[in-house]
Amino acid sequence: MKHFTLLFLTLISVTALAQEKKIVTEKWHWDNQLKQDTTAGYAQVVKIDNVLYISGTVSTEITPEGITNLYRALERSLNTFGATFQNVVKENLYTTDIEAMKKHNAARKVFYKNNFPAATWVQVSRLYMPEAKLEVELIAHLPK
Amino acid sequence: MKHFTLLFLTLISVTALAQEKKIVTEKWHWDNQLKQDTTAGYAQVVKIDNVLYISGTVSTEITPEGITNLYRALERSLNTFGATFQNVVKENLYTTDIEAMKKHNAARKVFYKNNFPAATWVQVSRLYMPEAKLEVELIAHLPK
Amino acid sequence: MKHFTLLFLTLISVTALAQEKKIVTEKWHWDNQLKQDTTAGYAQVVKIDNVLYISGTVSTEITPEGITNLYRALERSLNTFGATFQNVVKENLYTTDIEAMKKHNAARKVFYKNNFPAATWVQVSRLYMPEAKLEVELIAHLPK
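Protein chains in written order, with our numbering: chain U, 5 to 148; chain V, 5 to 148; chain W, 5 to 148.
In short, the hints are calculated from the structure, not lab data.
Treat the hints with care, as some may be off.
In this list, chains with the same sequence are indistinguishable; a pair is considered to hold if it fits within one copy or across any two.
[Claimed, not checked] Restricting the straight-line Cα-Cα distance to at most 25 Å, the calculated cross-link-like pairs of lysine to aspartate or glutamate (DMTMM-like) are:
(1) K106 - E135
(2) K26 - E69
(3) K106 - E65
(4) K117 - E135
(5) K26 - D101
(6) K26 - E103
(7) K113 - D41
(8) K107 - E135
(9) K26 - E135
(10) K107 - E30
(11) K26 - E65
(12) K148 - E135
(13) K148 - D41
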């Protein structure tokens, strides 16, 4: 009997320890009630504490229209947790043609309303979809 | 009259809500009083809460001199908010020639004074400027 | 004598200021008592406040076995600070063959137990080791 009690108490402790380590995240994914894409295995937005991690959003065209649509999608991602581009602190931009992106940067800049984040842009070989040419991911902070 | 009061109170609430969502960042950008580059659309350093997001800093030469100059620029970025390389927790390095960077890593390592961050290095097709061969971005934390 | 006292007090203040800026990180590196790789100059895991920054972990094969081994290595990195894949909020995946990774994604997805992070995948030219084909880095949060 003593052994069972000990085993029981150990199980409670282990469970308590495991629960103590659980974090509380909130997610959002394009009108998807599951709040994530279970096929590719990612969520568009993950909120933890006061930080929003926003997955790469893509465009197949590096044109003013393509860039505008991509940043509108990011804006929608931000809005889901009450944020705007004014909350973005970091932008990572991956493209297959960095000169085209530089040429049409005005279409991106308008979204930041003259309040720009830290940013790194690199040209890569390919993105997730074969036809994608531009992908932008963000980190945004909400007020504490 | 009642309607005006209601409208007025609603406006106050909406304003309060919007302001509540504003974050307070501090920025720094290479002796630039605007504290950001409004042409490319980014800031060299964005401070939010106790975190510094530092934009990719570049070198056109993957030589001990080129690497030293790049890390000196990062050091200057860190120093603006009282941080040093001892505050760096994450380094992302993008280069067009990873073997050259590995060969001259000693020039980088000296800056960390034997206290290294988590790091990921990848070789990419191209960087922002056609002549750039190395770009390093950092995340640093200040004491809370 | 007065000057010495002043100098002494100044030295104390400077030291206090410097110490005030020190952050307290914890690290872990593959059974390495130094808790970092001083040759390449990085640590596998850096813990700061309640955040874990996990360096890119690699595989030379984009097969179910290669992917499984890579994510097991990441799992071990997470476990060192009591975290699991349930604590991961952001994943960045770099590969030399994104189609191969998409094909064998099931081997990755099982680790997340249907609770996926924000994620960005890009295809790059090369990774740190010439033979590496896949590299995954993570950000995980512990409960505050």
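Hint check results:
For a Cα distance limit of 25 Å, the shortest separation of K106 from E135 qualifies both inside one copy, at 20 Å, and across copies, at 15 Å. Taking identical chains as interchangeable, the C-alpha atoms of K26 and E69 are never at most 25 Å apart, the minima being 42 Å within one chain and 29 Å between chains. Both within a single protomer and between protomers do K106 and E65 lie at most 25 Å apart by alpha-carbon distance, with minima of 13 Å and 22 Å respectively. Neither within a single protomer nor between protomers do K117 and E135 lie at most 25 Å apart by alpha-carbon distance, with minima of 30 Å and 30 Å respectively.
When the C-alpha separation of K26 and D101 is checked against a cutoff of 25 Å, the pair qualifies neither within a copy, at 41 Å, nor between copies, at 34 Å. For the homomeric pair K26 and E103, neither the shortest alpha-carbon distance inside one copy (44 Å) nor that between copies (33 Å) is at most 25 Å. For a Cα distance limit of 25 Å, the shortest separation of K113 from D41 across copies, 11 Å, qualifies, whereas the shortest one inside one copy, 29 Å, does not. Both within a single protomer and between protomers do K107 and E135 lie at most 25 Å apart by alpha-carbon distance, with minima of 20 Å and 17 Å respectively.
Taking the shortest Cα distances, K26 and E135 never come within 25 Å of each other, neither inside one copy (38 Å) nor across copies (37 Å). Taking CA atoms no more than 25 Å apart as the test, K107 paired with E30 passes in neither setting, with 36 Å inside one copy and 29 Å between copies. In the homo-oligomer, the alpha carbons of K26 and E65 never lie at most 25 Å apart, since the shortest distance is 40 Å inside one protomer and 32 Å across protomers. With identical chains, the CA atoms of K148 and E135 are never at most 25 Å apart, being 39 Å at best within one copy and 41 Å at best between copies.
Proximity of K148 to D41 under the C-alpha cut-off of 25 Å is found in neither arrangement, the shortest distances being 28 Å within a copy and 27 Å between copies.
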